[in-house]
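J.: Taken in order, these protein sequences are the chains called B and A.
Residue numbers are given in this note's numbering: position 592 of the first sequence equals residue 592, and the series is strictly consecutive.
In short: position in the second sequence from 1, add 1000, done, that's this note's numbering.
Bear in mind the hints are in silico, worked out from the structure with no lab data behind them.
Just to be clear, a hint being listed does not mean it is correct.
[To be verified] Pairs of lysine to aspartate or glutamate, DMTMM-like flavour, derived with a Cα cap of 20 Å:
1) LYS625/B - ASP1208/A
2) LYS1207/A - ASP332/B
3) LYS1101/A - ASP610/B
4) LYS774/B - ASP1208/A
5) LYS634/B - ASP1023/A
6) LYS1207/A - GLU693/B
7) LYS1101/A - GLU762/B
8) LYS1136/A - ASP234/B
9) LYS1101/A - ASP434/B
10) LYS746/B - GLU762/B
11) LYS1101/A - ASP378/B
12) LYS1039/A - ASP775/B
What follows is each chain in one-letter form.
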Amino acid sequence: MLKKLLNEKNYIRLDGGMGTMLQKNGMPAGAVPELYNITEPERIMAVHREYARAGADIIYANTFGANRIKMKNTGYNVSELIEAGIANAKKAAEGTSALVALDIGPIGQLLEPLGTLSFEEAYDIFREEIIAGKHADVIVIETMTDLYETKAALLAAKENSQKPVLVTMTFEERGRTFTGCSASAMAMTLEGLGADAIGINCSLGPRELYPVAEEICRWTNLPVIVKPNAGLPDPVTGEFSVEPEDFADALAAMAELGVRIFGGCCGTTPDHLKAAYRRLDSMNLQSVPKKNIPAAVCSANTTVTITEPRMIGERINPTGKKRFQQALKENDISYILSQAAEQTDAGADILDVNVGMPGIDEKEMMVRTVKAIQSVTDVPLQLDSTKPEVLEAALRVYNGKAVVNSVNGEIASLETILPLCKKYGAAVVGLTLDENGIPQKADDRFAIAEKILAKAREYGIPDRDVYIDCLTMTVSAEQTGAAETLNALRRVKTELGLKTVLGVSNISFGLPNREAVNRTFLTMALQNGLDLPILNPNITTMAEAVRAFKVLTCADENSVSFIKWYGSVQPVKTPAPVSSSNNMDLGYALEHGLSEECAKITASLLENHDPMEIVNDMLIPALDKAGVLFEQGKIFLPQLILTAGSAQAAFAVIKDKMAQSQDAPQSKGKIVLATVKGDVHDIGKNIVKVLLENYGYTVIDLGKDVPPETVVNAAIEHKVPLVGLSALMTTTLDAMKETIALLNKKYPECKTVVGGAVLTPEYAQQINADFYAKDAKQSVDVAKKIIG
Amino acid sequence: MKLNSIDRAEALRYMGYMGITPDSSMQSRIDLLEQELIKTAVPRFVWCVEEITRDDGVLSAGGVPLAGKAIAEHLDGCSHAVFMAATLSAQTDILISRAGKRDIADGLILDALGSAGIEQICNRVEELIKEELTDKFLTWRFSPGYGDFPLDTQTSLGSRLNISRRAGITITDTYLMIPSKSVTAVMGISDKPLPKRQSGCLYCSMKDKCNFRRNGVRCTDA
């Protein structure tokens, strides 16, 4: 429909502001415009009519905020408000050719991890709107600032209707949305998910949006939309500053960039739109030539172009890693997150995520892991599983454009994996193997690559999103294998023009000095055209080889990045200790919060000490000492938790060691911790958690904004003797009371300890908490008392 | 508007240091985190002026109900009210939470720096408003939740200022703002000089259990 419109006309006309027009026409401040669909339909239709008569091709129904969250206390439900809104617009458009759009704005609550709304809830809220809007001709998703929320809306639109979907987000002058989403990430992600046109609305005045429009045009071949405000309202008078002719000029400038869908947002009037249409009509716009879009993947905030070698970190994978397997079995997401953080710091450009292991629910774990990793790093992810249902679940909740690892030359694989990649707009790794296994010869692997490419094209996946893996063979088993892999790789790169990916570490299996073999093979592969080495970025020589290669091939212009990595000593967070780690003892390192030193000293102590001896005779006494000093007011909270953080580093080393020797670390007992429903402050709770873990308790951390039922269920499921609850605001104390009441009813033998800025011992008693802890140290004392 | 530096004394207070200077290794750790916060924060603000109406003693301005004794006293003698909101941005929240997941001490320090930072931004917004409203007299900033000024005023105040569109601030069901380093406030405007108003502790709901007061100081004493 959009294509048809664009073929008939050389640009598409959208309408202008609704809310600001209603205010101008006397809607009182504080009124909810969506209610007018039912209470004052004439006023709504009057505005629509003006835009339709001015020549708009698409008018937006007055349904922007008609979601169940925003309309909660209005006395109307979503479907009646939306149906009325669309009926009004249709009626107003009678006698013109204007189409009517269902207008969907942001929910008004932020999604996780920043806010409390889950991706799945957001999807459901949008789905309700899409279904209610079934009589609209077009769906518009607009004024979005969060790419994740936008994805939920777009998925809901694509999965619950056949209508064309226009998506616009709101950008600031520096080219980012309020939540930091970039124009390139927006364009790549939304085009991948099947939007029919994308662009910008609201935001600033039209002139300020020029660079953002330019960037979006560079990253998409979809029709681009611009629907700006008439500037910003004056704080005193409320007037918008941009006049119709200036508005028209600014849109005309963006038409030169290739923008082909135009309208106005807040503060624009039919006069602004008429001026704009006149100006655009006079330009005789031609269709926009197709551009070459760079190969790239992204998270919401970070775009990684594959125009030079990029490192894919391989560490989030349980294969052959006992400590990782143990973490998966124990649902220990923080260990997995530490692997993500470590690789990010080491310079990984993309992180491979694989949580497949017998005996766990891989799908559930994958979703949890992807969400958790997204909350700690902006590095784009490569979703790695052999199971299509795991891949699909991960693709749904991924915020950005991911890589799927992997498809292979088998028909069954191609026909299940490629449609997923197409639907969610992901790039895909194609392994050069098929029903008959891995071909020995380069030519045969090349043939499989061709087959994968042909099939990807059939599904509409662009060539730039197909990355071929020519597979590394262990050289100790088949010495000529390395040459076959490299030959295949070179042919894929030069003859098919595709990006290439390769896991390099397997090459040296069974040989001594593996690192030397790996590094040399990596360099050879890069020279043969490898774009995406999969490796362990923490091994410095491997990362060095990639960075040096980029200098020598001019990919790293003026060696800027290389010098940044190696030109100066890495800045250290804490000043160098007075003594070196050789003669520094663990107590000193703990007291001074020197995490790295703590880890090193612990590792060397483990050579001739029993792990539990280190814990009981060194770590715990040091923590006790810090606790006493804190109580005496001799040290303050930051120092106390620095010590706790360093102890954590020491414990990590001990856990690693114990996992190697199959020893399960001893736990003193389990404790459930949560920040109560409605409260999003979790620093206090997290401090308590670190301290409790230091003392050997297993903490089941339920996070923030946790409903009473979840707390009670977790307490019962894990049979914990103690639950800790945190609340920071007076408004959330009720939720704390409610949680304790429910716990006392369903699981009376469980004790509770409460804390948080607004709590007092008296109030704790009043809500029937068993203990009040004024700080983290006291919560450890309570745990000792209850559990021992 | 950019944050250039953060009031160290204020931030240290939020960290729990009561008038004591941390050692140099802690100071340099704070220095690094301060730089990171300044680099990350994208301060934003929005404000508007509304006429105050008094209907049978019930106050409102621009469709925002201004309920309670405290705000009525605060706006006594004022014809108009300034509504303002400011935030250090979602990126700041993300920085604090990510840092805290890696090292809880960094999380705590950044959280305190953020609290001090948003106050500084509010002070600068207030100055800027005063420059715009020359020859007017303004009261100090009074926020929902002070005294008996209902916290649920956040919702109507927020929608009057259009804070989600204009500043990226959202309000939860329990009237918390996300991003967390955000502030909303009301100031009274008058043509005549205003008598000095009660401020600080008297309006604070924590005044009976405050550690600072217990130790004979006030949180506003740097």
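J.: It remains to establish, for every hint, whether it holds in the given structure.
T.: Now the hints, each set against the structure:
no. : hint                 : result
1   : LYS625/B - ASP1208/A : violated, 31 Å
2   : LYS1207/A - ASP332/B : violated, 41 Å
3   : LYS1101/A - ASP610/B : violated, 29 Å
4   : LYS774/B - ASP1208/A : holds, 15 Å
5   : LYS634/B - ASP1023/A : holds, 12 Å
6   : LYS1207/A - GLU693/B : violated, 34 Å
7   : LYS1101/A - GLU762/B : violated, 32 Å
8   : LYS1136/A - ASP234/B : holds, 18 Å
9   : LYS1101/A - ASP434/B : violated, 42 Å
10  : LYS746/B - GLU762/B  : violated, 24 Å
11  : LYS1101/A - ASP378/B : holds, 14 Å
12  : LYS1039/A - ASP775/B : violated, 31 Å
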